[in-house]
Amino acid sequence: MTLEFIVFILSALFGIFIYWRESKNNYLYRLINKITHSKETQMKKTDKKGFLFEQPLVFRIIYIVILFIVASLVIRFLTPINNIGIIYFTNMIVGTILGTYIATLIVKATDKLEDGQDIIEGTFEKGKEYLKDLTKDDAKDVKEKQEIREKTQDKV
Numbered sequence: 003m004t005l006e007f008i009v010f011i012l013s014a015l016f017g018i019f020i021y022w023r024e025s026k027n028n029y030l031y032r033l034i035n036k037i038t039h040s041k042e043t044q045m046k047k048t049d050k051k052g053f054l055f056e057q058p059l060v061f062r063i064i065y066i067v068i069l070f071i072v073a074s075l076v077i078r079f080l081t082p083i084n085n086i087g088i089i090y091f092t093n094m095i096v097g098t099i100l101g102t103y104i105a106t107l108i109v110k111a112t113d114k115l116e117d118g119q120d121i122i123e124g125t126f127e128k129g130k131e132y133l134k135d136l137t138k139d140d141a142k143d144v145k146e147k148q149e150i151r152e153k154t155q156d157k158v
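In the working numbering, the protein residues as written are 3 to 158.
No lab work stands behind these hints, which were simulated from the structure alone.
Because the structure is a prediction, the values reported are computed rather than measured.
Here are the simulated distance ranges between beta carbons:
1. T154 <-> I121: 42 to 50 Å
2. G129 <-> T43: 45 to 53 Å
3. K110 <-> I37: 28 to 36 Å
4. T43 <-> I108: 27 to 35 Å
5. L33 <-> L5: 32 to 40 Å
6. T92 <-> T43: 31 to 39 Å
7. T4 <-> D120: 39 to 47 Å
8. L15 <-> I77: 17 to 25 Å
9. V76 <-> A111: 33 to 41 Å
10. F79 <-> I37: 22 to 30 Å
11. L107 <-> I34: 21 to 29 Å
Don't be surprised by glycine CBs; every beta carbon is placed ideally from N, CA and C.
Please build the complete structure, drawing on both the sequences and the hints.
Structure, rendered in structure tokens:
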């Protein structure tokens with residue numbers, strides 16, 4: 003039971019790492035897209051979609067299962083380890099998917115905080131400009147005020 007829990011936690015961390023890495027750079031996905039699609043249907047460089055990033059649940063499951071099947075086949079044929087059971091396999095898949103959703107929350111929250119900071123900074127800048135406009139005395143305003151004072155003093 004302890005080993006399954008450790009595998010689950012490590013796979014969740016692996017899912018967070020993969021999602022975060024793919025949110026920064028989706029080069030592998032674009033490369034495969036370039037190989038498999040014609041020039042007209044290839045994704046643009048500005049598209050951020052990746053294997054896990056901006057994908058629905060079904061496609062995430064498919065890509066993660068394929069990744070772990072390939073990894074388990076490599077381990078099975080290259081090493082004498084044959085003890086990758088169904089329990090560990092499912093723990094790795096579920097943990098990785100859970101990790102990708104945790105990473106989604108982290109990435110989205112970070113983006114929202116950065117947007118909020120930009121809004122706050124913009125509000126402060128607008129407030130500073132407004133205060134400068136209120137406290138700024140133009141030469142015309144000063145002359146008009148002096149003329150009004152002189153007129154009111156002449157009347158008194």
